[in-house]
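Novice: Listed below, chain by chain, are the residues.
Number of protein chains: 2
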Amino acid sequence: MNYVNKGRLAHDQVSELTTNRLSVYLRCLNQVIDGAGVTTVSSQLLADQFGLNAAQIRKDLAYFGEFGVRGVGYYVKDLRGNLRQILGLDRHLRVAIMGAGNLGLALADYPGFRQEGFEIGGLFDVANEKIGQESRGGVLTYDVKELKRLARRERFDIAMIAVPASRAQPVVDLVVSVGIKAILNFSPGVLKVPNNVKLKGVDLTVSLESLSFFLAQDNAGG
Amino acid sequence: MNYVNKGRLAHDQVSELTTNRLSVYLRCLNQVIDGAGVTTVSSQLLADQFGLNAAQIRKDLAYFGEFGVRGVGYYVKDLRGNLRQILGLDRHLRVAIMGAGNLGLALADYPGFRQEGFEIGGLFDVANEKIGQESRGGVLTYDVKELKRLARRERFDIAMIAVPASRAQPVVDLVVSVGIKAILNFSPGVLKVPNNVKLKGVDLTVSLESLSFFLAQDNAGG
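In order, the protein sequence lines correspond to chains A and B. First residue of the first sequence? That's 1406 in our numbering, and the numbers climb one at a time after it. First residue of the second sequence? That's 1406 in our numbering, and the numbers climb one at a time after it.
Excised from the complex, chain A in its bound form (with noise of 0.2 Å):
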């Protein structure tokens, strides 16, 4: 089965909500997988054991085509492999982090990315004193002036913004004019991007919000 293709099709009804599971869905079966040495799982099963739904579970996978098998539930490895090819992470993507400060830093070393297979291929900054240094992971970072020549060279697919806001629009043009079609920003504030480019913002105080939501209604209520 080609999900690739399936997926292309699918490409404007495919809500980011439904990637968002697809990618905790991803993210269990590594766990379950890291564990015991399980062989096959159930809807019910990943739902009891990481507060998920599901009915849920089984309709985002019905919808790739992926069926579990009445009684024993999905093969571990195999839901893995198509996960993984569904969320495009078959292709070893190569990620470029803009700004080397504790938060560039952070992100180069961040676990997870690695875990999945993307490669984290430089940082970049204006400061003399960060360039030629590396992050503790061994991440090397280069001067910005570097971006272009490095990105024909080593061709990132997706750059992460971790500069101060003020000076997030002019990075986020420079990376658009490399030919870098996928951005993760982690500044403040809304930045423009050509259509052809996806921009996604990560806004940590949006969950910080929803832990003084909980508060709130918590005191009002006890």
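None of these hints come from the bench; they were simulated from the model. Values in this document were obtained by computation on a predicted structure and should not be read as measured data. Misleading hints may appear alongside valid ones.
A pair counts as met if it fits within one copy or between any two copies, since identical chains are not told apart.
Dumping the calculated DSSO-like pairs for lysine-lysine here, alpha-carbon to alpha-carbon at most 27 Å [unchecked claim]:
#1 LYS1597 / LYS1482
#2 LYS1605 / LYS1464
#3 LYS1550 / LYS1597
#4 LYS1603 / LYS1482
#5 LYS1464 / LYS1535
#6 LYS1482 / LYS1553
#7 LYS1482 / LYS1550
#8 LYS1464 / LYS1550
#9 LYS1535 / LYS1482
Using the hints provided, position chain B relative to the given structure of chain A.
Specialist: Same frame as chain A, now just chain B:
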């Protein structure tokens, strides 16, 4: 109008997706206010400027008793004040960050947190060479053994977990033991907390994988 009480009644019905959207609206209003001397804003303008859904905005705000004025829209400052109250941000929540590595230091100085009134009360680590050091923004790192004493004095509301995955569960247990009721976890993997503690995970790999999915579709299509 007392939004906290209204929120309390609705506690179980207000999904995390809704609170996430309210956070996004608040972020947008901040940008509107930072700009020109705008006093009113329509849902349509917010939608156009920030790529949101105008009907969804009206629905979300109406749920909390916030109605726009026909032909005028919403009064920006009032709306912002009400959103802050709904999200519990009028209380100046205090945050402890567990782990003073690159990620902890990046979180300590993340500008968005302070902007919304979160106060980062301290970093906590086990490494002697980190204890007593300050982040660039001036947040001090304490010995983790001091958490209990400081949690009482500083009244921490929220803990962020920025330690390696292998150490996350004991650190969470410690945080729970000193009475902190809300936890934001940046470590990969599943953690256990008692029922009366709210744990929210930020999995950075999920965001990266949604870009990977986009690139896979794009490649198959192009």
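Novice: Is it within, between, both, or neither for LYS1464 and LYS1550, if the alpha carbons may be no more than 27 Å apart?
Specialist: neither (47 Å within a copy, 47 Å between copies)
Novice: At most 27 Å between C-alpha atoms: does LYS1597 with LYS1482 qualify within a copy, between copies, both, or neither?
Specialist: between (40 Å within a copy, 26 Å between copies)
Novice: Using 27 Å as the alpha carbon limit, work out where LYS1603 and LYS1482 are close: within a copy, between copies, both or neither.
Specialist: neither (30 Å within a copy, 32 Å between copies)
Novice: At most 27 Å between CA atoms: does that hold for LYS1535 and LYS1482 within a copy, between copies, both, or neither?
Specialist: Classified as neither; 42 Å inside a copy, 42 Å across copies.
Novice: From the Cα coordinates, with 27 Å as the cut-off, is the pair LYS1482 and LYS1550 best called within, between, both, or neither?
Specialist: Cα proximity of LYS1482 and LYS1550: none, with 43 Å in one copy and 42 Å across.
Novice: With identical chains, the pair LYS1605 and LYS1464 could be close in the same copy or across copies; at 27 Å between alpha carbons, which is it: within, between, both, or neither?
Specialist: Intra 26 Å, inter 25 Å, cutoff 27 Å: intra and inter.
Novice: From the Cα coordinates, with 27 Å as the cut-off, is the pair LYS1464 and LYS1535 best called within, between, both, or neither?
Specialist: Neither. Shortest intra-copy (48 Å) and inter-copy (48 Å) distances fail the 27 Å Cα cut-off.
Novice: Classify it for me, LYS1550 with LYS1597: is the Cα-Cα distance of at most 27 Å met within a copy, between copies, both or neither?
Specialist: For LYS1550 and LYS1597, only the intra-copy Cα distance (21 Å) is at most 27 Å; the inter-copy one is 46 Å.
Novice: With identical chains treated as interchangeable, where does the CA-CA distance between LYS1482 and LYS1553 reach 27 Å or less: within a copy, between copies, both, or neither?
Specialist: Neither. Shortest intra-copy (39 Å) and inter-copy (44 Å) distances fail the 27 Å Cα cut-off.
Against the hints set out earlier in the document, violations occur for numbers 4, 5, 6, 7, 8, 9.
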